[in-house]
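Visitor: Sequence:
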Amino acid sequence: MTYLTDADLLPPLQSGFQPGHSTESAILCVLSDILLAVDRGDFAALVLLDLSAAFDTVDHDILLQRLESSFGIADVAWDWFRSYLSGRRQFVRCGGTRSSPVSMICGIPQGSVLGPVLFILYVADLAALIESHGLTPDQYADDT
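Each step along the sequence shown adds one to the number in numbering that gives the first Met the number 0, with nothing skipped, and position 113 is 112.
The hints are simulated quantities; they were obtained by calculation from the structure and are not laboratory data. Honestly, I wouldn't trust all of these hints.
[Stated by the list, open to error] DEER-style ranges, computed between Cβ atoms:
1. 48 x 108: 19 to 27 Å
2. 40 x 142: 27 to 35 Å
3. 20 x 127: 13 to 21 Å
4. 30 x 128: 21 to 29 Å
5. 131 x 94: 49 to 57 Å
6. 45 x 124: 43 to 51 Å
7. 131 x 42: 15 to 23 Å
8. 105 x 142: 13 to 21 Å
Owing to the predicted nature of the structure, the values given are computational and were not obtained by experimental measurement. Where is the CB? At the ideal position from N, CA and C, for every residue including glycine.
Work the whole structure out from these sequences, hints included.
Guide: Structure, rendered in structure tokens:
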């Protein structure tokens, strides 16, 4: 986080998983954007994007590519992230019965310290894409 903060690499409009930010600050940003647009006489519309099972759908290859190309994470640090993401397996347990384990090709561990940070980096380009169309995005975790 220190590297990302010092290098100013964290998305500025992402309120989730960051110190000093909360759902309240995210709501205030959205409300402020709408009121400013109305005050200018502009058209204001609110479009909400909520990614279902967001952490479960993170593609490891895309995430690793973004870590390198967008955030400059390379060499030993990149290998460490690749190692962290690879080799994970999951199974389903129902009562005393357990399914066969399967390898995970996507998804980041929920409840981990790294999970939220990796998710923010994974969706960081979304805000830039929205801005490129003249719109103002606000994000909170997996909600845009």
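Visitor: Determine for every hint whether it applies to the structure shown.
Guide: Here is what the structure says about each hint:
1. 48 x 108: 19 to 27 Å: holds, 23 Å
2. 40 x 142: 27 to 35 Å: holds, 28 Å
3. 20 x 127: 13 to 21 Å: holds, 19 Å
4. 30 x 128: 21 to 29 Å: holds, 23 Å
5. 131 x 94: 49 to 57 Å: 51 Å Cβ-Cβ, so the 49 to 57 Å window holds.
6. 45 x 124: 43 to 51 Å: violated, 22 Å
7. 131 x 42: 15 to 23 Å: holds, 19 Å
8. 105 x 142: 13 to 21 Å: holds, 20 Å
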